[in-house]
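Student: The residues making up each chain are set out below.
Protein chains: 2
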Amino acid sequence: MLKYQKIAEQLFSFIKSNNLKQGDCLPSLNKLIQQYGASKTTVLKALDQLERDGFIYQVQGSGTFVRNIPDEHFINFNVSHGWTNDFTKTKMENSDVTVEKTLPTPLVASRLQCAIDTPVYKVQRLKKQDDKIFCLETSYYNANVVPFLNEDIAKASIFHHISDVYQINVGFSDKYFKVRRLTNFESDKLNLPQDSFGLAVHETFYTTAGDIFDFSENVYHHENATFYI
Amino acid sequence: MLKYQKIAEQLFSFIKSNNLKQGDCLPSLNKLIQQYGASKTTVLKALDQLERDGFIYQVQGSGTFVRNIPDEHFINFNVSHGWTNDFTKTKMENSDVTVEKTLPTPLVASRLQCAIDTPVYKVQRLKKQDDKIFCLETSYYNANVVPFLNEDIAKASIFHHISDVYQINVGFSDKYFKVRRLTNFESDKLNLPQDSFGLAVHETFYTTAGDIFDFSENVYHHENATFYI
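Line order of the protein sequences matches chains A and B.
With the first letter of the first sequence counted as 1, position 186 gets the number 377 in this note's numbering; the numbers rise by one all the way through.
With the first letter of the second sequence counted as 1, position 42 gets the number 233 in this note's numbering; the numbers rise by one all the way through.
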């Protein structure tokens, strides 16, 4: 994790533990620079990250304020880095985890922008919040970038793991989504009747240097998933 | 429109007109400062806005690069300010526009954080892209903040109008969404069979100073709306 990301995490924790509400003011820039012993640039990057994630807003000449932070049962659709999950009281769990080293389909190869003989890790996980299934995730990691994955790793946060072990940090992602009828396989996994509708999300993840390392397709349970951004 | 927003718009136009692609480099910060005759802070704010909107990424010590910009038939789910629409070749249209001055329901009053005897403008619009209906929008504007709206204004961009006339600029929004069964009224409007599913979005808009001025509920046609962020 980069220094500004650590400061963003600490500031988020500060907001949560002090139970700050919409419109409450954060300490001044100079106070934050002192408090975190960081440069102005680094603190500003942390604030920009928190603003981008929707937790604060900055008013020119006036200060930095806390935004309405939704109840934990809502899924933050913009945040892929996952550290905010550390602060939720709800129980988040990956179940039915499978990991397979395989070759990409043409679609997956095109999304990963790799040759079709590039080895990839296919990871499938059911995501549960307080024991309710809300998402079936199918991810493909380019094995030339992420050399090793297994089920133990995939039960926890893969992004934390590859950041710690390979210094691969998520920079941004291209995310496409639409409402569609689920396949029978997807309905079964999500415990829904056949022909149910759900939100289907295609996401391509880039490192901070702009290299693609992961393509995911997520389908969400229409009753158990409410989102915010 | 604020100065940094104008620069963001011009940079976006520069990317489009030069047909820049994923990974292409933008001019250096110093060049941009010269080119736009603006301060470093203002140019950095413009770049941050474009980064937040998903059009560029900044690599520390390396430069600013263009991201994959999707085909115009996809709806940018993150962008509410609307100026990027000026560059699309597809035909965007608001039809079946109705504007009514009324009192808010308890839900609307709570979302606008106003008293239930506050006058509001209720604006309903069908949104079409290349003559295909993709969204039914129902918006409520606090009439103490936005003193006047009518159908002519609502046929074009309301956000442009209130920025020009009242200097009300959109700062950020709280956006909640889920997949649900549409009401009969909604299905009819979207030309869908009854009991169709769609994406329902609740959005509360704040000015740059953090004041609420608009609450909208949008429902999207599941076949005619594909999104990206």
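Be careful, since some hints might not be right.
Since the list can't tell identical chains apart, any single copy or any two copies may satisfy a pair.
Said to hold, decoys possible - Calculated pairs, SDA-like style, for lysine to any residue (alpha carbon to alpha carbon, straight line, at most 25 Å):
#, residue 1, residue 2
1, Lys-323, Val-257
2, Lys-197, Pro-310
3, Lys-319, Ile-344
4, Lys-323, Ala-300
5, Lys-231, Tyr-367
6, Lys-222, Lys-346
7, Lys-222, Val-337
8, Lys-282, Asp-355
9, Lys-323, Gln-358
What the hints contain is simulated information worked out from the structure, not anything from laboratory work.
Student: Next step is simple, just say for each hint if it's right about the structure.
Tutor: Now for the hints, and whether the structure bears them out:
In this homomeric assembly, Lys-323 and Val-257 never come within 25 Å of each other (Cα to Cα): the closest approach is 30 Å inside a single copy and 39 Å across copies. Taking the shortest alpha-carbon separations for Lys-197 and Pro-310, neither the intra-copy value of 33 Å nor the inter-copy value of 45 Å comes in at or below 25 Å. Taking the closest pair of Cα atoms, Lys-319 and Ile-344 come within 25 Å of each other only inside a single copy of the chain (17 Å); across copies the shortest separation is 46 Å, beyond that limit. Taking the shortest alpha-carbon separations for Lys-323 and Ala-300, neither the intra-copy value of 32 Å nor the inter-copy value of 32 Å comes in at or below 25 Å.
For a Cα distance limit of 25 Å, the shortest separation of Lys-231 from Tyr-367 qualifies neither inside one copy, at 35 Å, nor across copies, at 33 Å. Taking the shortest Cα distances, Lys-222 and Lys-346 never come within 25 Å of each other, neither inside one copy (39 Å) nor across copies (47 Å). In this assembly of identical chains, Lys-222 and Val-337 lie within 25 Å of each other by CA distance neither inside one copy nor across copies; the values are 39 Å within and 37 Å between. Within a single copy, Lys-282 and Asp-355 get their C-alpha atoms as close as 23 Å, which meets the 25 Å cut-off; across copies the closest is 47 Å, which misses it.
Proximity of Lys-323 and Gln-358 under a CA criterion of 25 Å is satisfied in neither setting, with 33 Å inside one chain copy and 46 Å between copies.
Going through the hint list in order, the structure does not satisfy hints 1, 2, 4, 5, 6, 7, 9.
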